[in-house]
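Peer 1: Here are the chains, one letter per residue:
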Amino acid sequence: MTTRDQMLANIQANQPDLRPIPTQFTFTSVFPDLTKQFIDVLTFVGGAAVIVPNYEAIKDDIRKKYPNLTNVATACPELSELADVTMNVSDPHELSGLNLAIIEGPLAVAENAAIWVDERQIPQRAVPMITQFLVIIIRQSTIVPNMHDAYKLLTVDDTGFGTFICGPSKTADIEQSLVIGAHGARSLVVYLLP
Amino acid sequence: MNKQLTLDHADAAVEFNKNEAKVDWHDETLWFVRTKRDRAVAQIPEWEQLREAASQIKNHVLSNMHDLLIQFEQNAIRNGIKVHWAADGEEHNAIIHQIIQQAGATQLVKSKSMLTEECHLNKYLIDKGIDVIDSDLGERIVQMRGEPPSHIVLPAIHLTKADVGETFHQHLGTDKGATDPQYLTEAARQHLRETFLTRKVALTGVNFAIAETGGFVVCTNEGNADMGAHLADVHIAAMGFEKVIPRAEHLGVFLRLLARSATGQPITTFSSHFHRPRSGQEMHIVIVDNGRSRQLGRPDFRNSLKCIRCAACLNTCPVYRRSGGFSYHSAVAGPIGSILAPNLDMKQNADLPFASTLCGSCSNVCPVKIDIHEQLYKWRQVLMQEGYGPTTKTVAMKAMATVLESPRLYRMAGKVGRGVLRFAPITVENGLNPWYNQRDMPEPPAESFHDWYVNQKKA
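So the protein sequences, as listed, match chains A and B. For what it's worth, full-length UniProt numbering labels the leading residue of the first sequence as 1, then goes sequentially. For what it's worth, full-length UniProt numbering labels the leading residue of the second sequence as 1, then goes sequentially.
Since the hints were derived computationally from the structure, they do not count as laboratory data. All of these numbers come straight from a predicted model, not from anything done at the bench. Be aware that one or more of the hints could be misleading.
Examples of chain A residues lying across from chain B (beta carbon under 7 Å, computed) [to be verified]:
| # | residue |
| --- | --- |
| 1 | Ile21 |
| 2 | Cys76 |
| 3 | His183 |
Label-pair restraints from in silico Cβ distances [what the hints assert, rightly or not]:
| # | chain 1 | residue 1 | chain 2 | residue 2 | range |
| --- | --- | --- | --- | --- | --- |
| 4 | B | Gln385 | A | Ala48 | 30 to 38 Å |
| 5 | A | Pro20 | B | Gly387 | 51 to 59 Å |
| 6 | A | His93 | B | Val14 | 44 to 52 Å |
| 7 | B | Gly129 | A | His93 | 56 to 64 Å |
| 8 | A | Asp60 | B | Ala42 | 34 to 42 Å |
| 9 | A | Arg19 | B | Glu194 | 47 to 55 Å |
| 10 | A | His93 | B | Gln385 | 40 to 48 Å |
| 11 | B | Ala42 | A | Leu18 | 30 to 38 Å |
| 12 | B | Arg439 | A | Leu153 | 12 to 20 Å |
| 13 | A | Ala48 | B | Gly146 | 36 to 44 Å |
| 14 | A | Gln140 | B | Asn364 | 55 to 63 Å |
Even for Gly, the Cβ is constructed at its ideal location relative to N, Cα and C.
Work the whole structure out from these sequences, hints included.
Peer 2: See the structure below:
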């Protein structure tokens, strides 16, 4: 008998009688203002939020926040003039010098400020982690109250990889002191379009 | 070898308690994390219903494990993931070594996986000449020091900034005496970035495996699992079989509970869903038993397999906070580890279920409602029955049973005890009496309740 078959046989012999999956496992979260809730939590976890009317305002603000920064890449056609490199590379190692990545998030969650991105927004999976600084653009209309609402809208295997991103990379492994910028991006700025 | 790891829990705790200031610091640091958890939980009005839902989903998982694993395997294979099965730690290690060899690699970058700690993967691979680097900052710190993690979520929680500064000075060449966490983290970032960019094989743990879609989720704050996996040619994910959940929508429950219970965060920075290898990449999953199917067959203890490794029970445990992770001499420390460890080796870990006050705080904070303190109590009975109780306790219990069975002996022992405490306190108030350690002996009453009762009737 293979290890697999032996393991499965042991499991079958030892598992208890079937218990049903609960029908009540999603909950409704009520927030007076989804955008405000999202921004409050994002700020709490070390990210920054900027409400903007259009892509022009984003361009202006990025130029102001990151003056003279090189190795900037974007997946937004509207912002292509900000970029001097591409994230459409065949080998992710080529992204090791990336300073700023500007991507879009199709879905965000108010209760925890998590933004979903998958391979439709990031041509290479390593982009949000390997870049020094990260910018994500979302639309306020795509903010859902909680994680249950998010999973109702998502098909997690539409692409081979997807992730919820909540704030910049961080660690508290040295004496519980919060340090922003562990391995991934050193900052996260989220622009909220109408 | 860390001295604490070779002692039983009580002796190791004595060792840890020698530095009283550090014990206080350890206690307060963990309690700080526990209070962050409380604040996060208070934000969620339906917290108790969420716990109940998680518990029920896990009950279903335990009862349908066989079919869920087959469904997961089928879908994972369809996704282009290679699935391996390992009966024990040795087989798990051998499979991983073989994958590394087939990739023609001699180096491995790892993100956090308590399963690989349980299987002692690092030592196995290093003995075979593979260079292993742990990429979680806390794990990297303890790895440099030649120590195992002392906590499942905060691996270096037993170390101060000064300890880390000294370790980095030795291994990374940071300034002598430097203790600024920002500076030290930056040094580790540069060092590990180089590692990520040069490793062909990366290993991650698995937080949740989804039967319905054949994918898995890995949660980190640092992004180290992603950096490793996305830059490597080969991604190996190691999972205990109990990590499987039925459907992706169940993640809504578990991701709301996990980080809040662990560190008080609303969610981890990255909750990454892996379903297919990227173009040109190989993806492997190793599904491990290592005693889990045995625990599944123990009705009293199978609930421990519901654990999602948040460490809330460690942070709240008055014994863990004051005895340190190493005193549990097991990959998973604290209350939940003390249930899991005797299943792995009853003799070796017979002391651990006794390392608890049974106060129930662990069960109260558990996001999947494991009856942790009740299982610890049940393990004590099993261990005593199986003859694994500590000798002194066994002898004392037998003597006590004899005394309690006979009213005459009981009254006599009471008289002797009161006499001894009053006239010769030195016979009990000395270091040989374990009850006297850290405790004052009671003031003996003038007469026993029995004598008082008899005298009352006379009067």
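Peer 1: All hints, please: hold or fail.
Peer 2: Comparing the hints with the structure gives:
no.	hint	in the structure
1	Ile21	5 Å, holds
2	Cys76	21 Å, violated
3	His183	5 Å, holds
4	B:Gln385 x A:Ala48: 30 to 38 Å	60 Å, violated
5	A:Pro20 x B:Gly387: 51 to 59 Å	40 Å, violated
6	A:His93 x B:Val14: 44 to 52 Å	51 Å, holds
7	B:Gly129 x A:His93: 56 to 64 Å	25 Å, violated
8	A:Asp60 x B:Ala42: 34 to 42 Å	40 Å, holds
9	A:Arg19 x B:Glu194: 47 to 55 Å	49 Å, holds
10	A:His93 x B:Gln385: 40 to 48 Å	58 Å, violated
11	B:Ala42 x A:Leu18: 30 to 38 Å	36 Å, holds
12	B:Arg439 x A:Leu153: 12 to 20 Å	59 Å, violated
13	A:Ala48 x B:Gly146: 36 to 44 Å	40 Å, holds
14	A:Gln140 x B:Asn364: 55 to 63 Å	38 Å, violated
Violated hints, listed in ascending order, are 2, 4, 5, 7, 10, 12 and 14; each of the other numbered hints is respected by the structure.
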